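Quick mapping for you: the protein sequence lines, in order, are chains U and R.
In this text, residue positions in the first sequence follow this note's numbering: the first is 1, and each later residue adds one.
In this text, residue positions in the second sequence follow this note's numbering: the first is 1001, and each later residue adds one.
Since the hints were made in silico from the structure, they are not lab data.
Be aware that a few hints might be false.
[As the list claims (entries may be wrong)] Straight-line distance between alpha carbons at most 25 angstroms, and here's what the computed DMTMM-like set of lysine to aspartate or glutamate pairs gives: (1) K254(U) - E1123(R); (2) K1184(R) - D39(U); (3) K53(U) - D39(U); (4) K1136(R) - E163(U); (5) K1160(R) - E1053(R); (6) K1188(R) - D1200(R); (7) K1184(R) - E1123(R); (8) K1160(R) - E163(U); (9) K1188(R) - E1025(R); (10) K40(U) - D50(U); (11) K254(U) - E193(U).
[As the list claims (entries may be wrong)] Partial selection, computed: residues in chain R whose CB lies under 8 angstroms from chain U: (12) P1037; (13) S1038; (14) G1039; (15) R1057; (16) F1085; (17) P1086; (18) L1096; (19) G1097; (20) P1104; (21) M1157; (22) R1176; (23) L1235; (24) L1237.
Being a predicted model, the structure only gives us computed values, none of them experimental.
Note that CB positions come from ideal geometry on N, CA and C, so glycine has one too.
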Amino acid sequence: MNILPGRGSRLLLALLPFVLIALIYVTQSAQRRAENPNDKLLPPVSEMVDAVKRVAFEPDRRSGEYVLWTDTAASLQRLALGLGIATLIGLTFGLAIGVLPFVSTTLAPLVGVLSMIPPMAVLPILFIVFGLGELSKVVLIIFGVAPCLVRDLAHAAGNLPHEQLVKAQTLGASTWQIAIRVVLPQIMPRLIESVRLMIGPAFLFLISAEAIAADVGLGYRIFLLRRYLAMDVILPYVAWITLLAFIMDWVLAKLARHYFSFAYTVERR
Amino acid sequence: MSTLALRDVWVEYGDQIVLERLNLEIASGSFVSLVGPSGAGKSTVLRMVLGQERPTRGTILLDGADMPGEPGPDRGVVFQRYSVFPHLTVLRNVLLGFEFRGSPLLTRLFGAKRRAAVAKSEELIEAVGLSAHRDKYPSALSGGMQQRLAIAQALAMQPKVLLLDEPFGALDPGTRTQMHALIKPLWKTHGMTVLMVTHDIKEAFALGTRLIALDKPRIDPQAPGRYGAVITYDLDLTRTGPVPVMGFSKPLSRAEDADMSKGAQS
């Protein structure tokens, strides 16, 4: 417990599990291939590289599109729209509920109930109401993410010390001014942290919706290829989705620390 | 300037009486220390003057007019903690008050207005001795510096009344003495009325021009909430005569002495 890893060994230790998993994969893949040359379950790395080359850098024979990039663009557009709108809803409603007791008494119970509805259960309703196009997928992400954000931000805003709000009033601030100058900047770091945590669920909703009804998208592709047991494409796709999520998370973490450094003073020490 | 008056103020929470028959006239420019045991309603008095709480009965007057029911810029406040905004640097903390007043919608000042506000803020920061730290966040300041910042912030609004709620309670003795040396000249130059709640009797005597003690004179063991706190001592600390003892400023006469000894015997 008191023995701390040094700088160099820290990196080494962090990489160790990854290297181990890769090693196990490669040996297992080779073993299965040796037993059955047609094995599709654990394709060797060389086949996966070929598959990636095929989907990323060669136009599709039927549609003439570069499949990986059109899938990525379609999925990211849905995700960005969904997460973006959910963030806006979360911020405005969370702020209003956190600052104004009247809004809080009116809306907080509703949001509490909404956030308990499993979003996947309303997906059929969304498909019926909004059709099978882009809208229903975006709405599913919003439905799954926004209530949690609203609740979290309302909580963060309500948790600010009451002294601060009184102090601001003695400095002549109106409710609006307190909302935008005292409460908003202080809940922004929390907003970014919450959005980071919601990237996972957002991807879950996106891929589920795409799996059920879509004609393009990362989720659509892996569920389509499942029928052909095309692990050589599915595995790189999963790795790619993970990388995308990881980059988003990292960028948000950096943004929060850059623009709201006051919230991370303890971390820096 | 600004006189503060409490007329027959009662505060009750349910059937618990916290304060009763509170009558107080505070002259403009005085520094009133409010002492008393925990639960005697010192902070309640402060919150009422601040507008955070309403008396159950009675009226509070500021310059003869009814006190508004919510906190406003005519009454500044420094709390024991959480008085400064952690997301703003020292300069911006002080600047915020000017921005609230000068720009109702955006709460941002530009050009000459901003320069004037910055100059005024820097003056105040200088007055509380924080010039070297103007671009630091409050989390990088010590407890004493944070309280100094809170004072500078409150002074920016030039309030009629400054309310201090155990402002130095969380500070070490050395820093507390420094803060005493800081607050007294500031109070004199700004000429506002100060109402300070404190647990530190020494502090109450050292700073105040008047000391008010609140306590419960009667306690009914069957109904502890039946009787509230009243003003038990009201001492004028500016007089130069003999030190008042137990609230009596002149020696007891023979007759009163005899009365008291008789009372003790029976």
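To see whether the hints hold, each was checked on the structure:
Distance restraint check for K254(U) and E1123(R): the Cα-Cα separation of roughly 36 angstroms exceeds the 25 angstroms cut-off, and the hinted pair is therefore not satisfied. A C-alpha spacing of about 86 angstroms is found between K1184(R) and D39(U), which places the hinted pair above 25 angstroms, so the restraint is violated. Between K53(U) and D39(U), the direct Cα distance comes to roughly 21 angstroms. Compliance with the 25 angstroms bound is thereby established for this hinted pair. About 21 angstroms separates the Cα atoms of K1136(R) and E163(U), which keeps this hinted pair within 25 angstroms; it holds.
Our distance criterion of 25 angstroms between C-alpha atoms is met by K1160(R) and E1053(R), whose separation comes to about 19 angstroms. Between the alpha carbons of K1188(R) and D1200(R) the distance comes to roughly 21 angstroms, so the proposed pair stays at or under 25 angstroms and holds. Taking the CA atoms of K1184(R) and E1123(R), the gap is about 17 angstroms. The hint holds against a cut of 25 angstroms. Only pairs whose Cα atoms come within 25 angstroms are accepted, and K1160(R) paired with E163(U) is accepted, the gap being roughly 20 angstroms.
The hinted pair formed by K1188(R) and E1025(R) meets the criterion: a straight-line CA distance of about 20 angstroms does not exceed 25 angstroms. Straight-line distance between C-alpha atoms of K40(U) and D50(U) comes to about 14 angstroms, which keeps the hinted pair within the 25 angstroms bound. Straight-line distance between C-alpha atoms of K254(U) and E193(U) comes to about 11 angstroms, which keeps the hinted pair within the 25 angstroms bound. About 23 angstroms separates the beta-carbon of P1037(R) from the nearest beta-carbon of chain U, more than 8 angstroms, and the hint is not met.
Taking 8 angstroms as the C-beta cut-off, the interface hint given for S1038(R) is violated, the closest approach to chain U being about 19 angstroms. The criterion of a C-beta within 8 angstroms of any C-beta in chain U is not met by G1039(R), whose closest approach is roughly 20 angstroms, and the hint is violated. The closest approach between the C-beta of R1057(R) and any C-beta of chain U is roughly 24 angstroms, which is over the 8 angstroms cut-off, so the hint fails. Checking F1085(R) against chain U by beta carbon gives a least distance of about 6 angstroms; that is within 8 angstroms, so the hint holds.
For P1086(R), the shortest C-beta to C-beta distance to chain U is roughly 6 angstroms, which falls under 8 angstroms, so the interface hint holds. Of the supplied interface hints, the one on L1096(R) holds, with its beta-carbon coming within about 6 angstroms of a beta-carbon of chain U, less than 8 angstroms. A least Cβ separation of about 4 angstroms between G1097(R) and chain U falls short of the 8 angstroms threshold, and the interface hint therefore holds. At about 7 angstroms, the closest approach between the beta carbon of P1104(R) and any beta carbon in chain U falls short of 8 angstroms, and the interface hint on this residue holds.
At its closest, the beta carbon of M1157(R) sits 6 angstroms from a beta carbon of chain U; the interface hint therefore holds under the 8 angstroms criterion. This hint is violated: R1176(R) has a C-beta 20 angstroms from the nearest C-beta of chain U, more than the 8 angstroms allowed. The interface hint given for L1235(R) is broken, as the beta carbon of that residue sits about 28 angstroms from the closest beta carbon of chain U, more than 8 angstroms. Below 8 angstroms, beta-carbon pairs count as interface contacts, and L1237(R) has none with chain U, the closest being about 27 angstroms; its hint is therefore violated.
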